[in-house]
Structure formats: C-alpha cells, structure tokens
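From first to last, the protein sequence lines stand for chains A, B, C, D, E and F.
Using my numbering, read the first sequence as starting at 1 and increasing by one per residue.
Using my numbering, read the second sequence as starting at 1001 and increasing by one per residue.
Using my numbering, read the third sequence as starting at 2001 and increasing by one per residue.
Using my numbering, read the fourth sequence as starting at 3001 and increasing by one per residue.
Using my numbering, read the fifth sequence as starting at 4001 and increasing by one per residue.
Using my numbering, read the sixth sequence as starting at 5001 and increasing by one per residue.
Possibly wrong hints are sitting among the right ones.
[Unchecked claim] Dumping the calculated SDA-like pairs for lysine to any residue here, alpha-carbon to alpha-carbon at most 20 Å:
1) E:4034 x A:167
2) D:3121 x A:62
3) A:91 x A:115
4) B:1153 x D:3175
5) B:1055 x D:3121
6) C:2115 x C:2129
7) C:2440 x A:91
8) C:2377 x F:5099
9) B:1182 x B:1194
10) A:91 x E:4124
11) A:36 x C:2377
12) C:2034 x C:2312
13) A:36 x A:18
[Stated by the list, open to error] Here are some chain B residues the structure puts well away from chain E; computed CB gaps all over 12 Å:
14) 1039
15) 1064
16) 1067
17) 1074
18) 1077
19) 1126
20) 1171
21) 1214
No wet-lab data here; the hints were simulated from the structure.
Since we're looking at a predicted model, the values are computed, not measured.
A virtual CB, placed ideally from N, CA and C, is assigned to each residue, including glycine.
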Amino acid sequence: MLEALLVMALGAVLLGAALGYAAVRFRVEGDPLVEKIDAILPQTQCGQCGFPGCKPYAQAIAKGEAEINQCPPGGEEGIHKLADLLGREFKPLSAEHGIEKPKSVAIIDEQACIGCTLCIQACPVDAIVGAAKQMHTVVAAQCTGCELCLAPCPVDCIRMEPIQETVDSWKWKYPVIPLRQAA
Amino acid sequence: MSEPVDVDTRDSGALRISVRTAGIMLAFTLVFTALMAGTYKATAPMVAASALAEKLRLIGEVLPAGSYDNNLMADAISLPPTKALGLDDESRLWRARRNGAPAALVLEAAAADGYSGRIGLIVAVGADGRLIALRVTSHKETPGLGDYIDPKKDRNKSKPWITQFANLGFDSVPREKWRVKKDGGHFDQMTGATISARAVTNASGRVLAWTMENRERLFALPADGRYEESKP
Amino acid sequence: MIAKLFRFKGGVKPASHKDESANVPIRVAPLPSKLVIPLRQSARAMARCLVQPGQIVLKGEMIAAAEGPMCTVVHAPTSGTVRSIEPQPVPHPSGLPAPSIVIEPDGEDRWIDRKAFDFRSATSQETRNYLRDCGVVGLGGAGFPSHVKLGPGEKGIETLILNGAECEPWITCDDRLMRERADAILAGASIMRHITGARRVLVGIEDNKPQAIESMRAAVQKLGEPDIDVVAIPTRYPAGGEKQLIRVLTGIEIPYGKLGTHFGVQCFNVGSAAAIHRAIAHGEPLISRVLTLSGNMAHPGNFEVLIGTPVGELLPLAEPRADTNRYLVGGPMMGVVLQSLETPVIKGTNCILAGSPSLFPTPPPEMPCIRCGECAKVCPAELQPFEMYWYSRARIFGKAQEYSLFDCIECGCCSYVCPSRIPLVDYFRFAKGEIWAREKEKAAADLARERYEFRLAREEREKAEKAAKLAAKTAAGREKAAVAIAVAEKPATTPEEDAKKAMIAAALERAKAQKEQAHPENVSDLTPEQQAEIAAIENRRAEIREMAKPHVRQDD
Amino acid sequence: MSIYKDIAWNGLWKQNSILAQLLGLCPLLAVSSTMVNAVSLGLATILVMMLANFAISALRALIPYEIRIPVFVLIIAALVTVVDLAFNAFLHDLYLVLGIFIPLIVTNCIVLARVEAFAAKNGLRASTFDGLMMGIGFVWVIALLGAVREFIGQGTVFSGIEMIFPTLSGIQVLPESYPGFLVAILPPGAFFVLGLLIAGRNWLEARANQRLRDKRLHEQPPPAATAAA
Amino acid sequence: MTTYLFIILGAVLVNNVVFVRILGLCPFMGVSKKLETALGMGAATTFVLTMACGASYIIDRWLLMPNQLEYLRTLSFIVTIAAIVQLTELVIQKTSPLLHQVLGIYLPLITTNCAVLGIPLLNVALRHNFLESLLFGFGSALGFTLALILFAGIRERLEAADVPIHFRGTAIAMITAGVMSLAFMGFAGLDKFK
Amino acid sequence: MNNSPYSLKPASVRSVMLRVLLALLPGIAVYVWFFGAAILVQIALASITALIAEAAMLKLRGKPVAMFLGDGSALVTAWLIALTFPPIAPWWVTVVGVLAAIVIAKHLYGGLGQNPFNPAMVAFALMIVAYPQLMSQWPAVGFTDFAPQLNAIFGPRQLDAITMATPLDALRTALHTADARATVAGVLGSNATFGNIGGKGWEWIAAAYCLGGAYLLQQRIITWHLPAAFLGALLLVSGGFSLVDAERFAAPSFHIFTGGAMLAAFFIVTDPVSGATTPKGKLIFAAGAALLTWIIRSFGAYPDGIAFAVLLMNIAAPLIDIHTQPPVFGHKRQDGDST
Ligand SMILES: Cc1cc2nc3c(=O)[nH]c(=O)nc-3n(C[C@H](O)[C@H](O)[C@H](O)COP(=O)(O)O)c2cc1C
Ligand SMILES: Cc1cc2nc3c(=O)[nH]c(=O)nc-3n(C[C@H](O)[C@H](O)[C@H](O)COP(=O)(O)O)c2cc1C
Ligand SMILES: Cc1cc2nc3c(=O)[nH]c(=O)nc-3n(C[C@H](O)[C@H](O)[C@H](O)COP(=O)(O)O)c2cc1C
Ligand SMILES: Cc1cc2nc3c(=O)[nH]c(=O)nc-3n(C[C@H](O)[C@H](O)[C@H](O)CO)c2cc1C
Ligand code: SF4
Ligand code: SF4
Ligand code: SF4
Ligand code: SF4
Ligand code: FES
C-alpha cells in the first residue's frame, strides 16, 4: 500500500508540474475560429439569427452557444460550409429563424419618400444615400437585402425586389431534374 | 522593450502554477490510489480464491471430484517445457491419489497444429493408463466450424465430440489406431473440419503415450518437485 | 520548311458532314427587313450607345463607342433609321434579352467615306487602335477583340497561327473562305505579322479540306513572303481549339490561366485575318461575315451576312426541311440552341444548323457514371471528367476544382463518348457558374462586412466627436480630441500592426472622402434655407441615433 | 423537473452516446456478440459512469483547468479498477468473458466525454442522473445490438446467461438446423448491424422532424423577419 | 531483425487495431470525414501511442513490477497517457493552431482512444521488451493511421454518392467499415508466421 | 431539350454489360465441360435473385425500375458470383450472397456506379467467412453427373462422394497444417486429378476466360493495364518465391491457371466502378491485388485470396486515384513559374 502511494505520488508530482508549466508556457490567445466562421456568414447583417450581426453570431457559434443552422440568408449552403468547418453534422435551416429567400434589394419609391433619414440610420452598410427632406435612393450594388430599412420607414415607401437575372448574372442550371430520392 | 520582462513574469508564473498543479495532482492521486489499493487489499483473497476455483473447475471437468481424496493443489509438481506435450513454457502437473495410492495425473498440454494455431488442452490420465477425460482450454479454430472440439460450442450437446475419448487407453484403442477415422483411425471427426479433430486426437495420443512412459516417476516425485526429462 | 507535327491527346472523330455545304460558293444574303445589333459585340464588354431612335445612320457609321480596353466600336451594317434601343434576344444560352440597337435599313446601303489605313507608317499601337475602331473581333467563335490579342503581351509574338482547322462537323464557312478569298486572308496575316513582328506564320488546316489547303498554298506562293507555311493537320475534333492547334503546330501546351503570348504564339481565325485585311486595305469596318447554313436543309451553303440579320430572315435561303424542330447556333459539338428566330447574327456566329429529331436526337435519360474512363481517354485537356462530374453533381465544387475543372475547354468530347449519356459538359458549366457566383457573393459579403465595420467605427467616432465637442466647443479642439481618443483606444502594438492599422485607417478615410464627395452630388443645388434645414435635421438625426442605441444593445 | 426529463431524453435518445455521438464504440462492437455479454458490460459501464459523474461533480471545484483531464482520468481509472476487482472477486465467470474490456471502460470515450461535458459543470444529483441515463442509453443499444447479432449469428437469445444465473439457460429460437451466420458474430457483423441501427434512428428522427415541420407550418404562417427595435 | 519487421507488419495489417482488435473506433468514425484531418489525427495518435508504449514499459518494469504493484497498471498507464496527450495538445495548439482547430475535440479524446491504453496493456500481456513495445505501439498506430486515411479516402468519395437518405453519413460509414473489416479478415491466419 | 454536344456516339451501359456477359460465355462452356451443368443452375439462380433484388431496391429508392433493370450490371454481378462460388453450394448460399451484393454492397451505396466495393467480391468474402466449409466444397473434376449435383444444391447434401478439395485448398491444407514434410510437388503431383499446370480442368477454364478477356480488350471495354499488371505481378512474386523454395511455394503457372486468377484478371479487377481509374493507378491497383492474392494464398487461412485482395485494393482505390492523377494539359513540364 505504501509503495503504491509512493509510486503514484512520484508520478503525480512529475506530471502535475510538467502540465502546469506547459499550460503557462504554451498558452495561446485569441480565437482564429471566429474569423473563419465570420468569413462564411453572408454579412447581410440582418439579425435573423437572433444576434445583432454576423460577427456576434460567429462568436456565439465558436463558443458553442448557437446552432449552425440559424442564418437564413446563408442558406443550406452556408450550413454545409459551417458543418464542414466545425466538423458538426449538417442540419436543415431552423424554421424558427426564417426561410431562405431569393436575393433581393431594397427599392425606395421616390414619389413617396419624405426624406426622413430613418432608413439611412437603419441600414447597416450605408447603402442608402440622400439627405434630409430629399428623396433617398438605395445603391443597389451595396444593398445586402437585409430588410432592416423596411420597418422604420414612416410612409412604407421601401419595398424589396428580387434581383433580376441578366445575361451577366445568368448561370447554367443544374443539368437534370434529379430522380426522386427514396424516402 | 517589454519582451524580456514578459518572459520573466511568465517563467516565475509557470513555476508557481507548476507547483500548485503538482500539489493538487498529488492530492488527488494519493486519495484515489489509496481507495484503489484498499479495494485491492480487500478483494485480494477473493480474487485468489476465484482463480483457484477456476483451476479446480477445469480440473473438475476432467477428473470427477469423488475419484480422489488428496489435496490436489498441494500435490503438484512443475514440468519443464516438454515437446511431447506441445508445451513451450513451464507448467504444473497435479497428482490425484486415493487412499495414498496413485489415482490419476492431471496435466496441461497443447496441439500446435490446429487449423488456426495452438489448441490448449487439459488432460486427466488414470493411474491405470486410461485417458479419463480431456478438455480444450483455449483455441482459435474457426467459430462454427472447428470449434466443436470445445464441448461448450459443440452442437451435439448430448454427446459432445470430445467425450469420445473418455476412459479409453491404448489397451482398448491401439496406439496406431489413435487417430481420426479419416486417417484410418478410431475416432470420429466432423467432416469439413478434420484438421481440428486430428490435432486434438493426435495430441491426446501423444500425451497418453508420454504419461504411460513416465507415470511412475511422476507419481514418485516429492510435492512441489520438478520433473526433469530423463535423457540418456 | 516542313513543320514537324505534334499530337494532342484525346479528341473524337464524329461524322464530318462537310460536303453538304462545302461545294457551293459563298453567296451574299439579301438585305433583311431589320437589323438587331447587340451592344455587346466583343465578348468582354458592352459598348456605349451613341445614337437615338429616329436617327439616320450610314453603312459603316459608328453607332456605339468603345468603353474600356476590352471593348470595340459597333457600326451600322447598312444605312437606315435607328428604330429603337431596347433589350432584344441575343444568341446566348440563357435566352435572355440584352440591350441592342434596332435599325431599319433604307435599302440604299450607303457607305460612309472609306479610307485605307497606312499601317506601314503607323505604329503598331495606332494600327491596333484603328482595328478597335473598325470593330474587329475574332470570328472563330469567342469574339475576343483582335486588337487586344495583337498586343505584344509578355514576351511578344514569335509565331502567328491562322486557324483554318474548322474541326466542328457541318461548318464550312472557313473552308469556303480559304478557297475563295485566300489572298485576303494572307494579306490580313501579313498585316498582323507587321503589327506583331512575328517571325513566322503557320496556317493549320485539317486534312479533310484539300481544296482549301491547295488554294492557301497557291496564295502563299503568290504573296511570296518568307516563313509562311500551310500545314495539313490530322482531322480530329477539336483540332481547331486554340490550345490544341498550337500544340499540334508548335508542340507548346498552354495551361489554363496562361495566354498564347506567354509562349510567344498567338492564334487567329482565318476569317479574322480576312476582316483585318478589309479594315486596313479598304477602310471597311467589320459589319458582315460568312456563315454556314446547314443541317436539315434542302440547300445548305455559305452566305455573306450582315451582322444583326435576324436568323429567321436567313433561313429561307437554305430552305429548312419540314421536320426541323430546332436550330443550333454554332456546330453540333459546341453550339447553343436558338431560342428565337428574332435572334440576330453576331460576329461570332459561324453556323446555323437546322436540327431534326433524327439528326440530333434527344439523348436517352442519363444513367449513373460507371467510371469507365472513356471520357478521360478523349479529353483533349487531359482531365478526369468523371471525377469532376462526380463532385459537380453533388455540388461539392471545391473538389471539382481540385480536379482542374477550370482547365476544361467545354469541347464536349466527353459527353460525346459517355456510354451513360451523361451531359458532362453541362455539369461543368453549371459548376463553373456556381463557383463564379460564389466568388461574387463572397466579394459582396466582404464589401458588406467592410462597410458595416466602417459604419460601426464611424458611429463610434461620432460619439467620441460629440463628447469632444461638448468638452471643447471649438472646431479645432474637436479634431484634436478625436485623434487623441483614437490613439488612446489603441494599446501598444508592434510597428507592423501599426502600419496595417494605418493602412486601414487610410482606406477608411478614403472611403469616407469618397462618400462625402458623393453626398454633395445629391444636395449640390440646394438653396441656403434648405441647407440650414438639412443641418438641423442632421443634428436631430444624431440625437435620434443616440436615443436608438440603447435599444439596439438591449436587443442582444 | 424538466431538466431531469431533458437529461433522460438526451441520454436515452437525442444525444445517445452511440447512435448520436458515436462514442464508446469499441466495447460496443467487441462485446456485443451475445446479448448476455453485452448487457453485462453495459451494466458495468452504467456503474462506472454514475460513480464517475458523481465523484467529479462533487470534486469539480477543486480541479484546476490545466490538469483536469489527467485528474478526471485518474478518478475514472481508480473507479474502474475498483469495479474490475469487484467483478474478478464476485463474478468471476463473467470476468473471464469480458476480459480486457473492463479496464477499457476507462477509455470508453463516453465516460470521459460525459464527465467533461456534464459532470464538470453540473450539480451532484443532475450529474449522477446524467451518468445513469447515458449509461442506460448505452445499455439499450448494446443490448439490442447483442440480441440482433446473436439471433442472426446463431439463432439463439440469452445464450450464456448461465454464467450469471446458473439456473437459467439460453433459448434456441431458430431450429437447430439453422446454419448460423457467422459473420454476424464477427467484427464485420458488428459494424453492419450498428450501421442498420443508426439508419433506423435516422429514419425515426426524420419522421419526427417531418411531423414537427408539418405542425409548425399549420400553426404559424411564415415567421416574420425580426425587425429592428 | 525480421521479428521486428513482423511485429510492425503484424500490427499494421494482420492484427489491425481498428478492424481486427476493434480498438480506437471512436476517432476512427469521428475524424475520418476528410483526408487532411485523418492524416493529422493519425500523426498525433502515432506520436502519442509510441510515447505511451515507451513510457508504460518503463513504468511497468521499473516501478510496478519490482514492487508487485501490477494492479496499478491501468491507473498509472492511463494517467501518464493523459498527461502525454495534454502536453501534445498544448504544444500543437501553440505551434500549429490550424491543426489544433482541425483536430478539435478529438485531441483530448486521444486519451480515450481505447487503443492508446489497450496497446500498452497488450504489450505487457505479450511480454514485449522495450524495443518491441515501441515498435508494437508504432506499428499499431500506423495501422490506425492507415485505416483512418483509407477510410477517409472512401468517405470523401461517398460524400458525393447517391446513398439512400437515411444511410447518409454515419450509417453508411459503419457499413463501409464493416466491409473493410471483412476485407481485413483476409489476413486471418497470417499471424502464425510472426 | 439538351445542350451541346447534340450528336453522341452510339454507346450505352447496357451494351457494355452485355458484351461482358458475352465474354464470359467461353469460360462457362468449359466450366460445364469439366464440372458439370450445376453451374448453369447456379447462374440462373443468381440471375433471378439479382434481378428481383435489383428491382425491389430500385423501387424502394424511387428510381425508374425499367430503365435501370435493363442496364445489365446486376446480371454481371450475379454471373460473377455464380462463377466464383462452388457450383454445388446450397441454393441459399448463392441467394444470400447475391442479396448481400445487390442490397448491401450496391444499393446502400446508391446503386450502379457508386459502390466503392466490388459487389461480387463482397458476396464472396462474406459467404466464405460465414460458411467456410460450404464455400470450399467443389465437385471433383470430371464428376459431371447432374442429379447428385442438383441434389447438393437443393436437397439434403450427401457430398463425400462427389466433392474434392480444390488444388489450392489441398495445397494450403497440406502445407500449412499438420504435415511438415508436405511439399508442393508432393501434394499436387501425388493426386492424379491435378493437372500439371493449374489443376486438371482449371487450366482450361482459365484459358477460356483469357479468351473472353481478349474479346473485352479488343472491344476496348477494358484496357490492358489491369490484366497485365495483375498477371504480371502474380507471375513475378510467385516466380520469385518458387525459385527460392520450390518445395513450399507453388510455381507461377500454378498460381495463374488455378482458382479465380484468370477470371479476376479480366473480369474482376477490371470492374470499373470500384477500381482505380487512372492509368498508373490501374497498374498499382492490379499489382497490389495480385500481391495480396499471393500472400493470402500462400500464408493465409482462406484458400483463395482473390476476393479479399480485391476488396483490400478497393479500399485503397480512392487514395491510389488521388495520388496518381495524370498531369493536365499544359501543366506538365514547363510549368515551373506559377500556380
Ligand atoms: C458544401 C455543400 C453544399 C451543398 N449544397 C447543396 C444545396 O444547396 N442543395 C442541394 O440540393 N444539395 C447540396 N449539397 C449536396 C447534398 O448534400 C446532396 O449530396 C445532394 O443534394 C444530393 O442530390 P440528389 O438529391 O440530386 O442526389 C451540398 C453539399 C455540400 C457538401
Ligand atoms: C476459412 C476456412 C476455415 C476453416 N477452418 C477450419 C477449422 O477451424 N478447423 C478445421 O478442421 N478445418 C477448417 N477448415 C477446413 C479445412 O480447410 C479443410 O478443408 C478441412 O479441414 C478438411 O476436412 P475434410 O477432409 O473433412 O473435408 C477451414 C476452411 C476454410 C476455408
Ligand atoms: C473546342 C473548340 C474548337 C474550336 N474550333 C475552332 C475551329 O475549328 N476554328 C476556329 O477558327 N476556331 C475554333 N475555336 C476557337 C479557337 O479556340 C480560338 O478561339 C480562335 O481560333 C481564336 O481566333 P479568333 O480570335 O480570331 O476568333 C475552337 C474553340 C474550341 C474551344
Ligand atoms: C469490365 C467489367 C467488369 C466488371 N466486374 C464486376 C465485378 O467484378 N463484380 C461486380 O459485381 N460487377 C462487375 N461489373 C459490373 C458493374 O460494374 C457492377 O455491377 C457495378 O460495380 C455496380 O455498381 C463489371 C463490369 C464491367 C464492365
Ligand atoms: S442571419 Fe445571417 S446574415 Fe443575418 S445577421 Fe445573422 S449571420 Fe448575418
Ligand atoms: S438598403 Fe435596406 S435592405 Fe438594403 S442593406 Fe440597407 S437596410 Fe438592408
Ligand atoms: S464516359 Fe461517362 S460513364 Fe464513362 S467514366 Fe466518363 S462519365 Fe463515367
Ligand atoms: S468538355 Fe472539358 S472535360 Fe469534357 S472532354 Fe472537353 S475539355 Fe475534357
Ligand atoms: S471506445 Fe474505443 S475509441 Fe472510443
């Protein structure tokens, strides 16, 4: 019994000391994971995920506090990428947080706009230009389609329009209608 | 330049933390090792007893308990590695006596030529030169094919294959007939798995022959003695 | 000099079907009732329209100007009236309309003044600019601006290759052109040689066109320039592919992402050479081309057609048969289905094929790939199409790219031989499109992130500024405070980080400056009253922002 | 109460160590050739998991982060050795069958995984309960696996039960002439049957999910986008 | 010399840890989705397992056997292994954050890779000497790595296969592992020649 | 409507598979000559089972049954299973084997073209592990009586009279178990029924398979790489060892002309779906299969190692492919400067 204690005590002291030392010596700061997750998120900044923006959501995922299927603009594709990155299982988009919609941009009805600037303040990416009491316009190329400007508009003059396909943005479609999957 | 200072604080911190973690680790280790060692001490007799019981159970399978009256465990000798028995290691041999007279020998043996390697056996040979019984203690024969040599796996529960050796000696089955039928001998085998049967049969024949030859010397050795091959 | 021929791996030999249209001389197509000229004539860029509806234009008059280095000028193919400028169907697989100028010919075909261009006394840059102004783009199919291709590139051009291979079945326009206008082609080649300073010129022609080879050889003799060789190459699709032809004639393999000029070679279609000759020698911009009408037609042949002629008006010339169910623009291996008979001929249109169910049957449904490797055997790019297909089909594009998806030239050989009838090329086009779209999305996301972070920084700064303003109520004090706060916020950092931060800060400043510049555009012509009002609103806005902030924060 | 319901549901199904987390596979596959072996090992595992969760939850405040893993492992190992010795002393036949797998409970990933993921963060009662439920989750899967393999492999159930209850004996379900299907008892069979079990779970989950979705769709029209405050 | 070769070959192929000894399955299933991660995990395990075999031999021969403390084997081995793993983890975390992130939760779980304890215990049972122990550990780890990367190669391809929906992911991976272990049964009987 | 290309070469999966079946016919004919007509019963049994299983799985998975059933791939699998199993195996052994091949090895992976393992070889390995005895009982060569064979397949088995260990099995049993004095010559030479090359009968069957293989080569359904590498590697390794110790290692001619070697060389390692696909990969794949076959034949517990060897190489095939990708056009030599 005594030998047992002695032998184990010897081991314990050695290992404990080594580990304690290593833990300090090799400490790393920062978390590159958040950046990687953020790079996958679509940066729509819409808050549908339940966080105030893409970055906070990324932080929450990295900490394991959020599921990977809460970002509707990212869609299935985004979830696949997150699952790949994090080694988690893919799961379908959580319906609680919304559904995947075609990409849209905001359009301001220029007749109705009263120039209140509320939409400017709501837009997370400064995609609306104009000045007070002036008609406002959305810079379509910068609009992420987050819909955050819709609610604040007092005269409801902003609507979302799906982005039209042109010869430039056209893509070849998936070649065949896939055969029906087994249930 | 803050670099060197930084390293310094780190190192002294590391030392402190090392000591602390080592201390905690030590504490935990002592407590749990004590717990374990205590259990070990407490169960040791029972563990030893069950190991003994296991041995006795095996022996009991080949040698009926009522057929002897001495303490088998006390009346054992050790065997050196013996080719005839297929043994590469030291082993034990137990001697059963009845009213002081030799009754039987119980020994371990092996057949090296099983289908998938070594087949371990335990054999009891009566003082009259008959094989009382034998059992397979370990084997790697193909499950479902060659493993019928182990009565636990034998599908024929009423008369397992291995029981056909019981109470046979060279007087009833001559040495040259101590083979499987396929080789022109006396013993049955399972078609499709002759090799396993052949290995066991041949090994038992060798064991029997060896014991017949050495039986007097084996019984004569003092308890805890050591048998040495008598080479001319 | 007898050129040593090289081999390219892979390739297929579909039935050639050249005889149907090759034996009739080129005829000039009649003037159509309208001309539709897409503003995008050179594959890479859209020209800027210069005319207005109702305007009268002459034949060869510039109607759209070049924008940017990749663009070429667009000309009116005949004299007439501009009817409209509106989206019209164009020969594009999407079938989507694109902005075009519609001209109603007046039937007089009045030319503008035409003047030959003295390229011998001009610098090569000037000649190339002239070609751009003549709207010369490649007639081989891709429609790449020739003036760009004639530039010196990295290493200059040592070998000039004329592509007369015409490897696609059915098409014979280059064949006829070489038989009938070999002199013009060679004159063009000689001009190109002058521009680029190429040492030698090789003309590659598939050996199933003996008359064309004959005629070109004769013309070479006549021209009498040294180091021009007409080389007969084995007939195998896609020997006319630029990379394959260069490989066969010179042994050089041009990888994906590299241009011919990296290796000192450049390849032009024979038609392009003829067009260059026409532009230089006669001062005629590129407003017509020769194209083949063939397939399920009673009288197939080649026609000189004005750019912009609606296909529907051409077809009667060759009399499609009754069971024609669709038309293809281009050959059967690489062409696209014509979506509407209104679609005009553009500079890259080399063939209109009439298809019938028996000629080009709809393939049976696709079976799974059995990895038989046929496709890999015939792939001229030496790819493993089935691996690319395997991952493209499952939308695992990264893996598809690992198998060199982008090296695929979409020649269609793999689809041609696949026993499982898999439309492999379609999968590759799909995968490429998705990858590009994803890159675009990624760029958009990065932009959005940058703008969002900029906005956060600005809000932060504005808050700081406001605080500073409260403290020191002068404009100068405000500036300083902002800087001080910005500095105080940063902990000590390495010089490297500082540099980076400085760069970012500079970028943000620039962005801000741009934004501020943009602002006045919206508000430039305002009255002082209005401006005062704006200032007031700005203040109010700042206050609202302050008020709104806690709400936002509480949300999370 | 609902936290206990959660724990139970997680252990038994949702986070089931094997079907969902794929942990603890080695003993699972190696010892499940008969149902009796499987259940015995499972019971030993439950015991260890409860003890370990209990001990670590109790001591969690004392364990520094840097050496948590060695300490956890130390505690688990000590407990396992205790169980091992106990088996050896009191259930010797079974001990012979389960062989090296009792010491290997130490490295059964679930034990450490649960200790880290749950016991190190939760209270005594919840942790012990979690150990129990995770253990039961392990047991029912391993028992099912054992039963299927034994049945396919040799047409019996409960064979070997005499090792634990000498008065009972296994049941030959299929006729004696059933030739057996040896592969089922060998390692490949273990993988195959477990693969089928997991597919079965996927099927059940997918069905439940579909139902939930249908219900959601009926209940509330498309969820409105969360607007700014 | 040849005995050493046979030890390694035997451990890699004939008695492959994963397919024949059925050890180390959790990381085998968990870290085999991608070839890269599989390789990383294999390398880490190889390092740890070889070290563990060496360390456990020393502990066993110098500390436990002389003092008749065999019953402490499991305890002392596993604690040592845990410490080795944690040291490795800390070092990797510092030197190669990418690898660390990729190996994620599985690095600490090397401790609970049964093989890491099972192989040292087998070393004791097989009465290997120091060199043999090291080689056996190394060979077993190679066998593990081999199994892992072969499996990952197949899984990467399977990712794109039209597998029936309920079998996607782990279910078909299990079945694949089953066929693989069936294939490795072909080596049965070869260990006679060790 | 489809996209380009619009004209396609006439070819189909069905015609490929039918030609493979055609190529098997000579081998089957010779087989019947030496071992009796039982094999025809087995082929029929396997084919029917395969088609039923295939149809059922297609239906379950919601695929168009008629289109896929006609592709003939299930028949190729079925025939190969029948040809590799003993002709007098009980009917249920064949049926279970085919079911395992079609259901587990093929359709669980997504059906035609997606299976990473050779279905026929999965069936063989599974059944020989499960029923080693039934799977190694072959009728004696020349014993072609139909009635007892049929009885063996469908009825109560009375086999001793008609079975005989195959040359491989006999060799393995003698060399690697009891008898330390056994030699190759002793085993193969002592038994009058074993021919001089691969065992009487076996060598002719092998030759007929070789003929079928030549047809496949001529039809460009298989490339030379696989058979050449397989036979070449088998020749080399067995030749080398039998030179060193002819008493314990059989001659290369024996290895090539016995068991399933020739069938494997032309019909099994050539399975395009589960094998390596690059030219270099094919060489490695087939040579590896040959090497493993020889190792398992010479040292392993199972009499013929082809199924295991092929499965083992199937496992390695994805990695082999990844590491033997041929260079892409333009990325060969000159490409030092970028990407
Ligand atoms: C990163 C990634 C993204 C994917 N995205 C999609 C997707 O957006 N839509 C989809 O149907 N399948 C997607 N897949 C593929 C699916 O997992 C699955 O393989 C595919 O849907 C099967 O297609 P099938 O139903 O035509 O057989 C994706 C796979 C990966 C790895
Ligand atoms: C995979 C396999 C495993 C075998 N296992 C055994 C076995 O464990 N024991 C045995 O005696 N024969 C076994 N055999 C059978 C032997 O190879 C040999 O055929 C048989 O022992 C000869 O017996 P017979 O003469 O009664 O047919 C096995 C055969 C195979 C193919
Ligand atoms: C598969 C394939 C086949 C082609 N065949 C021809 C051809 O037969 N003749 C031709 O002039 N261009 C052909 N091209 C286009 C050439 O690659 C190249 O774009 C053209 O010769 C460049 O000349 P241009 O700029 O004058 O058009 C083909 C391209 C591809 C991808
Ligand atoms: C040349 C050739 C060889 C084949 N060999 C096999 C084989 O060995 N085993 C098999 O199950 N199928 C074989 N097939 C059929 C087919 O590829 C197989 O059913 C697929 O593996 C099923 O996806 C072969 C097909 C061809 C064309
Ligand atoms: S839902 Fe997606 S896009 Fe919207 S804020 Fe969250 S992460 Fe960003
Ligand atoms: S304009 Fe509206 S929809 Fe577009 S980004 Fe700004 S707030 Fe979002
Ligand atoms: S030709 Fe078709 S079936 Fe053959 S490998 Fe290529 S894609 Fe697959
Ligand atoms: S289309 Fe692409 S992949 Fe197919 S043969 Fe042509 S180059 Fe190769
Ligand atoms: S139980 Fe063995 S590795 Fe997890």
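So, going through the hints one by one against the coordinates:
Pair hint residue 4034 (chain E) plus residue 167 (chain A) does not hold up; C-alpha atoms about 37 Å apart against a cutoff of 20 Å. Restraint check: the Cα-Cα separation between residue 3121 (chain D) and residue 62 (chain A) comes to about 19 Å, which is no more than 20 Å; the hinted pair holds. At roughly 43 Å between alpha-carbon atoms, residue 91 (chain A) and residue 115 (chain A) are farther apart than 20 Å, so this suggested pair is violated. For the proposed pair residue 1153 (chain B) and residue 3175 (chain D), the alpha carbon gap of about 16 Å is at most 20 Å, so the pair holds.
Taking the CA atoms of residue 1055 (chain B) and residue 3121 (chain D), the gap is about 48 Å. The hint is violated against a cut of 20 Å. Between the alpha carbons of residue 2115 (chain C) and residue 2129 (chain C) the distance comes to roughly 15 Å, so the proposed pair stays at or under 20 Å and holds. A threshold of 20 Å between alpha carbons decides the hint, and for residue 2440 (chain C) with residue 91 (chain A) the separation of about 26 Å lies outside it, so the pair is violated. For the hint linking residue 2377 (chain C) to residue 5099 (chain F), the alpha-carbon distance of about 34 Å lies beyond 20 Å, and the restraint is violated.
Restraint check for residue 1182 (chain B) and residue 1194 (chain B): satisfied, since their Cα atoms lie roughly 8 Å apart, inside the 20 Å limit. The straight-line distance between the Cα atoms of residue 91 (chain A) and residue 4124 (chain E) is roughly 45 Å, outside the 20 Å bound, and the hint therefore fails. For the given pair, residue 36 (chain A) sits about 40 Å from residue 2377 (chain C) by alpha-carbon distance, which is inconsistent with the 20 Å threshold. The hinted pair formed by residue 2034 (chain C) and residue 2312 (chain C) meets the criterion: a straight-line CA distance of about 11 Å does not exceed 20 Å.
In summary, the hint linking residue 36 (chain A) to residue 18 (chain A) is not supported, as the alpha carbons are separated by about 33 Å, beyond the 20 Å threshold. The claim that residue 1039 (chain B) is not at the interface with chain E is violated, since a C-beta of that chain comes within 12 Å of its own (minimum 9 Å). Residue placement check: residue 1064 (chain B) keeps its beta carbon more than 12 Å from all beta carbons of chain E (closest about 34 Å). For residue 1067 (chain B), the requirement that its beta carbon stay farther than 12 Å from each beta carbon of chain E is met, with the minimum near 35 Å.
Under the 12 Å C-beta cut-off, the non-interface status given to residue 1074 (chain B) relative to chain E holds; the minimum distance is some 24 Å. The claim that residue 1077 (chain B) lies off the interface holds: its Cβ sits roughly 25 Å from the closest Cβ of chain E, which is beyond the 12 Å cut-off. Every CB of chain E lies more than 12 Å from the CB of residue 1126 (chain B), the least distance being 35 Å, so the non-interface label holds. The claim that residue 1171 (chain B) lies off the interface holds: its Cβ sits roughly 37 Å from the closest Cβ of chain E, which is beyond the 12 Å cut-off.
Non-interface status of residue 1214 (chain B) relative to chain E is upheld: no Cβ of that chain comes within 12 Å, the nearest being about 29 Å off.
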